[in-house]
Structure formats: C-alpha cells, structure tokens
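For the record, the sequence lines run as chains A and B. Sequential numbering of the first sequence, starting at 24, is according to our numbering. Sequential numbering of the second sequence, starting at 24, is according to our numbering.
Derived by calculation from the structure, the hints in this document are not laboratory data. Warning: the hint list may mix true and false statements.
You can't tell identical chains apart in this list, so a pair holds if it fits in one copy or across any two.
[To be verified] List time: in silico DSBU-like cross-link candidates among lysine-lysine, alpha-carbon distance up to 30 Å:
| no. | residue 1 | residue 2 |
| --- | --- | --- |
| 1 | K242 | K350 |
| 2 | K367 | K350 |
| 3 | K165 | K305 |
| 4 | K340 | K224 |
| 5 | K224 | K161 |
| 6 | K255 | K31 |
| 7 | K267 | K340 |
| 8 | K161 | K340 |
| 9 | K387 | K70 |
| 10 | K213 | K422 |
| 11 | K367 | K213 |
| 12 | K267 | K367 |
| 13 | K242 | K303 |
| 14 | K340 | K387 |
| 15 | K213 | K31 |
| 16 | K307 | K367 |
| 17 | K267 | K161 |
| 18 | K125 | K242 |
| 19 | K317 | K303 |
| 20 | K267 | K350 |
| 21 | K340 | K31 |
| 22 | K31 | K387 |
| 23 | K367 | K422 |
| 24 | K213 | K262 |
| 25 | K242 | K163 |
| 26 | K125 | K255 |
| 27 | K317 | K165 |
| 28 | K422 | K317 |
Protein chains: 2
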Amino acid sequence: MKPDLIEKLAVESDSRIVMLVMDGLGDIPASGHGTPLQEATTPNLDKLAAEGVLGQFDPIAPGITPGSGPAHLGLFGYDPVENNVGRGILSAFGIGFDLTEKDVAARINFCTLDSNGNVTDRRAGRISDDENRRICEKIKSKLRTPAGIEFFLETESQHRGLLVIRGNDLSDQIADTDPQQTGVPTREPKPLAAEADHTSKVLMEILQQVRQILSDEEKANMILLRGYSGFKQLPSMQKRFGVKACAIAEYPMYRGLATLVGMTVQPPYTDFDDAIAVLKSKWKEFTFFFLHVKKTDSYGEDGNFESKKQVIEDVDKVIVPGIMAMKPDVLIVTGDHSTPWSMKAHSWHPTPVLLHSRLVRRDKSERFSEIECQTGGLGRLPLVNLMPIALSCAGKLAKFGA
Amino acid sequence: MKPDLIEKLAVESDSRIVMLVMDGLGDIPASGHGTPLQEATTPNLDKLAAEGVLGQFDPIAPGITPGSGPAHLGLFGYDPVENNVGRGILSAFGIGFDLTEKDVAARINFCTLDSNGNVTDRRAGRISDDENRRICEKIKSKLRTPAGIEFFLETESQHRGLLVIRGNDLSDQIADTDPQQTGVPTREPKPLAAEADHTSKVLMEILQQVRQILSDEEKANMILLRGYSGFKQLPSMQKRFGVKACAIAEYPMYRGLATLVGMTVQPPYTDFDDAIAVLKSKWKEFTFFFLHVKKTDSYGEDGNFESKKQVIEDVDKVIVPGIMAMKPDVLIVTGDHSTPWSMKAHSWHPTPVLLHSRLVRRDKSERFSEIECQTGGLGRLPLVNLMPIALSCAGKLAKFGA
C-alpha cells in the first residue's frame, strides 16, 4: 500500500490503539518443546485470541531475517526497505545518544594492526567493556578536534562503539574503513559523493590521530568505521496516520526508533506494573500507545526457553489485564520478528499477531500461538499492513473511492 | 522482494538444498476422486509433511495459469513476469536446440493459403510429425540462405516447429506473421524497432522463398512465425543466491530452463533410480539440486488420473528416500504449477509446497496434499518467495538491517 494513500485516508479520532510488542516473540518448535508462546500459560491472551483474530506477518518479506530497526518500522506502518535507516543511527539509538541534524554517526570496531599496518584482528580480541571505556577516554582526552567539528566516542560493548562527528555540511556518503578481512590495511574513509569531500577530510584527520594515540596499545590499536548515517526524521505517525503516539519502552534502541517516527517517548519503565501505570497516566493525552517488552528477545538470543516462556506469562498476568482495564478500541499483541531460542538469533519466520477489537472478523482460534496464527483469519501478510488494519478497526481510516 | 536485496543478503555456505519438482503436480477433486496427490499412498512424503511445513504458492499471481517457462523461473526465485523469456527460446529448449547469442528463434506453424494468398487453415490440417519433417527437409534443401545468415528449421510436432536464424546484428523486435485468423493474408515480419530492419529483410527474403518452395504442397504451403526471441542469459543462481546449482532432468525444456539460470545440467536420467544415482554422484560438487519429474504433468494433460497417481507413488517410493538418504539441509517438494487431470491442461490453482528442514516452523499437517496445503503454515504466497525461504532455512541469507 502506498504511504501517501494511507495518509490521504487517515482521519483523527478519539479512539485508542495499543500496540504491545514482545520483542522477538516468534519462535519454532525444537528439542521436544513447542514454542515458548505455545507452552506458556496465558489465560488472558487466550481469551483475547478467542474474541479476536490471529495472523502471521512478514516483517520484511518471506524468508528475510530482519534487524530490529526495519522490523519496528514495519510495525509502525513504514515500508521497512524504503525507510531503512543506517546502522550508525541504530547504534546511537541503542546507547541513547541524542543525535542532531548536524551529526554523522558511524559504528566502530576496535581492531588490532600489525607493524605493517595490516589488520590482524577485526575485533581486537573482543576487549572488555571496561577496556573499551578506558580507550575511548584516552582518545577523547588526546584528540585535537578538527576546526568546526565536535567529536563524540561512546562505548557500546566489547570491541564495539559509536563515533559521532557534529558540524556544518557533513555527509554520510563515506566509504567504510573496515576491510571485512584480516591481512590487509584498513581502508580510507573516501567520499562516495562530491558533497562528502569535507567529511572525508575530517575523518581522515581524526583517524590519523587515533592511530597515533593508540600506537602504544597492544590489542586495540586502531578503529574501523562502518555504517555511516546522518540523522533522519521520518514523517511522523501524527502526520501519516493522524494518531498522537506515545512510546513506553525500557531500552534505548526502541525509544530511538519511536523518536524516529515522531512518538512522544516516556522515561524507561522499571517493571511491568510501572509500564501499566505510565500507560494509565498518559491515556487521555494520546491515541496510540507502543508498549515494548525487550526480554522475550533477550532470552531468545540467550537460548533460554524457560525464561522466554516466563516473560510471556508475566506479560499475560500483568500487562495484558492492565491494558484491557483501559478498554482500548484496538489492541495488537505481537513481536517485531522471531527470535527462536533454539537458534539464539533473529530469524525469518513470520511474527505471530493477535488483533483484538469489536470490529474484527473473529476466526476459530481459541489460543494465541504461532501455530494458531498459521491458520488465523488474518492470513499471512507483510507486517507493514498491520497498521492500516488497526487504524480501520479504530475508525481512523476513511473509505477509498466512492 | 527486490532481487538486488536478496543478492546483497546471499551468503555462500556448504549446506545443501534439494528442490524436487513434480511437473503439474497440483490438481483438483473431480468425478468422485480426490486429487491424485490426495489419493496416492505416500508414506515417505507424509512423514516429511508431519515434520515439515506446507503451503500453497501462486506461480505467477492468483488466477493466472502459467506456462512451464515462467512457472520454473518462479521456482528458481526469478520474478516470472520481469524475466519472462520468449516462446522461441522455450521452443528451442523444448527440442534441445542449442541457442547461441547470435540467434533469433521463432515458433512456426505450417498453414494453408488459398490461391489469393489468404490463410484458410492456421494449422495446415494438423499434418503428421513425419509430414512436418519431410517439409522441413524440403525447405532446408532448397533454400538459398541470405548472405551471412545460418538457417535452422526443426520439427516440433504436428504443424509446429522452430525456426532459427543465426548471424550478426540480428534482433527479435519483429512482428508476428501469424494473423491469428483465417480469410486474411499472412502478415509481414515488420521491424518493431530500428535495430530490427536488417532482421526483417532477412526474414522477408526467407519467407518469399519458402512460399515458392512450398507452392506445390496441398496442405502445408506456407509458414507462420511468432514469438521471436533472442538468446537471453539470466543472472545465474550462483551470482544471485550464492548456490552451485545442478539440474537433474529428463526433458529438454527443463534442462533448457535450468541452463538459462546458470545451472550445470546433467545428462538426461533413464529412470528414478538413475536420477538418484546422479544426485549421489554430484552431491559433493553442488549445493543446490533441481530434480525434475515430467510424467505427473504428462498424465495430467492426458486426463489420466490413475497414472498421475502412480507416478506420485513411484516418486514417494524411490526418489524421496533416495534424497533423504543424503540428509539435505532443506528439501522442497512441489510442482511448477497445477495440471488437473480432469481439465487436461495447465491451470491457475496454486501449487502445493512441502518444505522440510530442521528450521521450519512445523504446522499441524500430517499428510502432503493440496487440501492440507490450503491450511499449511506457510500460508499462500507468490512462488518467487519460495527460494528466499529455502535459502534462509539453509543458512544462506544474512539479516537485513541492524
């Protein structure tokens, strides 16, 4: 569906939509287990499933494994390929760095160079977070910043970090310096477009200094840059869908993604009761609520079946009744993608969706699970279609044509 | 999904994918029978169905009946509309004619003209294959080929054949000479683009001679040309998906289609045991195997329920265990399209798909049939999506976005 078409049909209304996202919720049966969602005891979700309609949605396209960035853009109703944002931005989101329009952000790896300047380890022996922080401080204290430029360097974890330069007329059209292999030198941050000449020179100067500053380090004696991106603001959900959107999320990455589409982001919640308290306190002010739960994904990545299942049960026990007490016109319960615990990684399997509203065409499902979703009434659809369906259930989309 | 996106995500790996295609497998219930696949005894396929996931896939789009060419392109992961190849090429494939880049191929019909030069029978009374061969020889022995041109004329069957001209700077942008109706003269092979002027003159000269050479024939006294196409090589599966692809197929058409996407084509197999022997002997050398069985389609076209069912049972007995003995990481069992025996023709019904891999999201299906596929976990998807899903199950696609 073309975004401008949805924009034209969107009408503001007082109805309320809640989108509850259990990150990485989708899973597959493995090792004699059903999926965590299948095996979890979820009386509240099951009641909603019986009253609502289920389906399975592809975050990007069938067979494509999504990162969290594009998967959430799909959830929010933005074409995830057209609106794909750079990894630098997502790194900045991930650590809660406030990007501005004058910034170019890049992901960094600390790496090891030999005496000939060839990369011998692209991850600098996976140094500790503390070591990472020490080296970042060392660089920041010694670097003479090029004229007119502000410089930021932030630890992510292990060998990973974020580099941001702030200034006038900067461009993200710069070649990665990571050679993606060992035994060769780092690459130059060459301009990929004429407007990036200045940025290239700035980065070149910074990298020469960094090489000098780190020359006495054993492991992390250089940095590699990739995934440059300037700050990008997408058209807001208010503009596109006519909703006043509020984000309730613990983790910086998802708070950043919500910012990207113009949501008002609440402070991180402390526990599920707190998340519901925030929802209640903001209920009158907003018409769309994005409530994000991270732990389902984290335990999936850890390969922890029991804990992933437990999070789902806790959500069922605390969050679901908390939301339903507010009588939303539409409740969506889903994940952004699948993170099967047996794979310890994101996967391509479609994400299970439960849609609850007075106006859904109820299907035969009696429980909420990936397997029920396979035969659910919504069928199998691209994830970007979920928002328009929810908007219509909430009376927020006008008729197309006469 | 944009093909360049898949190309960017594809990673080579040592895992093995087998795509077993029973041509025209899909069917519909008729005359008190279930479908041949439903009624066949297929314990091996049923076991795979219970362990795997089913779905129904549209070769082109819902409601569209495909030819073998586009249906196979969809199977191989190529958009069947964008990459549609001319009928001339498919005719050449069908009779095993080796096209070169200097060739333009066209399908021919022998036809009957009256004394005024009007077409009275577009199929020349459906002459016999022998008669077709005799007339082809007659033309070839008498034709004075235009300078710089090689000329080929090959019998297909009845009134149908293949005409190929080979030379420099030939173009397939030529108008059909078949008027598609009787009572009017044949059309001229007019150029549809400036670069086709030379080709048009060559064909004009050839057709004038053919008219002369066949003037003493009663039925087949002229030929009609249509579906011109130059040789086209699509980007190879190796380039697009990072797989080393091997084709094991009896029939020239499918061997030709496999060539088109850069597969290494094995000599025609003699029976199913031989097909499996070839698979085993090539197992180490390749990472993707296309194994094609023609007879399901042939018996469908013949309206022969029992024999279509029998072929499926033979595949279940010999080919399926033969493949599984090699422990492929992913096995796809499907058709290229449906050929209902009660219709004696290709149809638009989606093709049933069985996907078997350690990493599928298993569904509730316990048997492999079109009817089980209707509620299978893969849902209903365009056939071009099957390859990306299989590639991901085999660990051959990287994540999109961070």
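Verification of the supplied hints:
1. K242 - K350: neither (57 Å within a copy, 43 Å between copies)
2. K367 - K350: Cα proximity of K367 and K350: across copies only (23 Å, versus 36 Å in one copy).
3. K165 - K305: neither (46 Å within a copy, 60 Å between copies)
4. K340 - K224: neither (56 Å within a copy, 68 Å between copies)
5. K224 - K161: Answer is within: at 22 Å inside a copy they meet the 30 Å cutoff, but 75 Å across does not.
6. K255 - K31: both (23 Å within a copy, 23 Å between copies)
7. K267 - K340: Within. Shortest intra-copy distance 27 Å satisfies the 30 Å Cα cut-off; inter-copy 51 Å does not.
8. K161 - K340: Intra 48 Å, inter 69 Å, cutoff 30 Å: neither.
9. K387 - K70: both (12 Å within a copy, 22 Å between copies)
10. K213 - K422: between (50 Å within a copy, 26 Å between copies)
11. K367 - K213: neither (36 Å within a copy, 62 Å between copies)
12. K267 - K367: Between copies only: 28 Å across, 36 Å inside.
13. K242 - K303: neither (50 Å within a copy, 48 Å between copies)
14. K340 - K387: Both, since 24 Å and 28 Å are each at most 30 Å.
15. K213 - K31: between (42 Å within a copy, 22 Å between copies)
16. K307 - K367: between (40 Å within a copy, 29 Å between copies)
17. K267 - K161: Cα proximity of K267 and K161: none, with 44 Å in one copy and 49 Å across.
18. K125 - K242: Neither: 33 Å inside a copy, 59 Å across copies.
19. K317 - K303: Classified as within: same-chain Cα gap 20 Å, cross-chain 46 Å, threshold 30 Å.
20. K267 - K350: within (17 Å within a copy, 53 Å between copies)
21. K340 - K31: neither (39 Å within a copy, 43 Å between copies)
22. K31 - K387: neither (34 Å within a copy, 40 Å between copies)
23. K367 - K422: Result: close only across copies, 14 Å inter versus 44 Å intra.
24. K213 - K262: Answer is between: at 27 Å across copies they meet the 30 Å cutoff, but 37 Å inside does not.
25. K242 - K163: within (18 Å within a copy, 76 Å between copies)
26. K125 - K255: within (11 Å within a copy, 48 Å between copies)
27. K317 - K165: neither (37 Å within a copy, 72 Å between copies)
28. K422 - K317: between (36 Å within a copy, 19 Å between copies)
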